[in-house]
Amino acid sequence: MTIKRIEPGARMSGAVVHGNTVYLAGQVGDGTSVTEQSKSALAEVDRLLAVAGTDKSKILQTIIYLSDMATFGEMNAVWEAWIDPKNPPARATSEAALATPDYKVEFIVTAAI
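Counting with this note's numbering, you get residues 1 to 113 for the letters of the sequence shown.
Watch out, some of these pointers could steer you wrong.
Unchecked claim - No more than 30 Å apart at the CA atoms, straight line, and that leaves these computed lysine-lysine pairs for BS3-like:
#1 Lys58 x Lys86
#2 Lys58 x Lys4
#3 Lys4 x Lys56
#4 Lys86 x Lys56
#5 Lys56 x Lys39
#6 Lys86 x Lys39
#7 Lys58 x Lys39
#8 Lys86 x Lys4
#9 Lys39 x Lys4
Claimed, not checked - Restraint-style ranges between C-beta atoms, simulated for each label pair:
#10 Thr21 x Ala43: 20 to 28 Å
#11 Asp55 x Met12: 37 to 45 Å
#12 Ile108 x Asp30: 17 to 25 Å
#13 Thr2 x Ala70: 39 to 47 Å
#14 Glu7 x Pro85: 25 to 33 Å
#15 Thr2 x Thr32: 38 to 46 Å
#16 Gly26 x Gly73: 18 to 26 Å
#17 Ala96 x Gly9: 30 to 38 Å
#18 Phe72 x Ile3: 18 to 26 Å
#19 Ser94 x Ser57: 31 to 39 Å
These aren't lab readings, by the way, just hints derived from the structure by calculation. C-beta atoms are modelled at their ideal positions from N, C-alpha and C, and glycine is treated no differently.
With the hints as constraints, model all of the structure from the sequences given.
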């Protein structure tokens with residue numbers, strides 16, 4: 001089975017396709033609030049899924065990291081407006097220290113093609 005790397009860099013690829021599954025690198029967004037960062041990161045998820053030949057209706061699982069669980073509701077408001085309501089994926093959300101203090105949310109997505 002072939003492996004296709006999308007937007008490979010020195011440290012990681014933006015996404016990796018293996019068989020009929022695409023694995024996205026963790027996506028963080030621009031902005032200062034969880035709302036802004038969530039919208040920006042999920043727009044990048046949409047873009048990478050399209051490059052891989054799929055879309056959010058085929059997301060299998062999403063892991064979400066928040067720098068502060070107090071912002072869970074704020075992130076959920078963006079998430080619920082973004083997901084395909086007929087095809088919600090399996091999901092887990094946890095609090096974690098992210099790569100820099102500026103990051104408030106990170107989305108890790110696995111999808112079918």
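Hints and how they fare:
1. Straight-line distance between C-alpha atoms of Lys58 and Lys86 comes to about 10 Å, which keeps the hinted pair within the 30 Å bound.
2. For the hint linking Lys58 to Lys4, the alpha-carbon distance of about 18 Å falls within 30 Å, and the restraint holds.
3. For the given pair, Lys4 sits about 19 Å from Lys56 by alpha-carbon distance, which is consistent with the 30 Å threshold.
4. Between Lys86 and Lys56, the direct Cα distance comes to roughly 11 Å. Compliance with the 30 Å bound is thereby established for this hinted pair.
5. Note on Lys56 and Lys39: the hinted pairing holds, with a Cα-Cα distance of about 14 Å set against a maximum of 30 Å.
6. Of the supplied pair hints, the one linking Lys86 and Lys39 holds, its CA atoms being roughly 20 Å apart against a limit of 30 Å.
7. Restraint check for Lys58 and Lys39: the C-alpha separation of about 19 Å stays at or below 30 Å, so the hint holds.
8. Simply put, Lys86 and Lys4 have alpha-carbon atoms about 29 Å apart, close enough for the 30 Å limit, and the pair holds.
9. At roughly 27 Å between alpha-carbon atoms, Lys39 and Lys4 fall within 30 Å of each other, so this suggested pair holds.
10. In this structure the hint that Thr21 and Ala43 lie 20 to 28 Å apart at CB holds, the actual value being about 22 Å.
11. The given range of 37 to 45 Å is broken by Asp55 and Met12, whose C-beta atoms sit roughly 22 Å from each other.
12. At about 18 Å, the beta-carbon gap between Ile108 and Asp30 stays in the expected band of 17 to 25 Å.
13. At roughly 43 Å, the beta carbons of Thr2 and Ala70 sit within the given window of 39 to 47 Å.
14. Roughly 29 Å separates the CB atoms of Glu7 and Pro85, a value that falls within the hinted 25 to 33 Å.
15. One distance hint, 38 to 46 Å for the beta-carbon pair Thr2 and Thr32, holds here, with the actual separation near 41 Å.
16. For Gly26 and Gly73, the Cβ-Cβ distance of about 22 Å falls inside the hinted range of 18 to 26 Å, so the restraint holds.
17. Separation of Ala96 from Gly9 is about 22 Å and departs from the stated range, judged on CB atoms against 30 to 38 Å.
18. Under the hint 18 to 26 Å, the C-beta atoms of Phe72 and Ile3, about 35 Å apart, miss the expected range.
19. Between Ser94 and Ser57 the Cβ separation comes to about 25 Å, which falls outside the hinted range of 31 to 39 Å.
The structure is inconsistent with the numbered hints 11, 17, 18, 19, although it conforms to all the rest.
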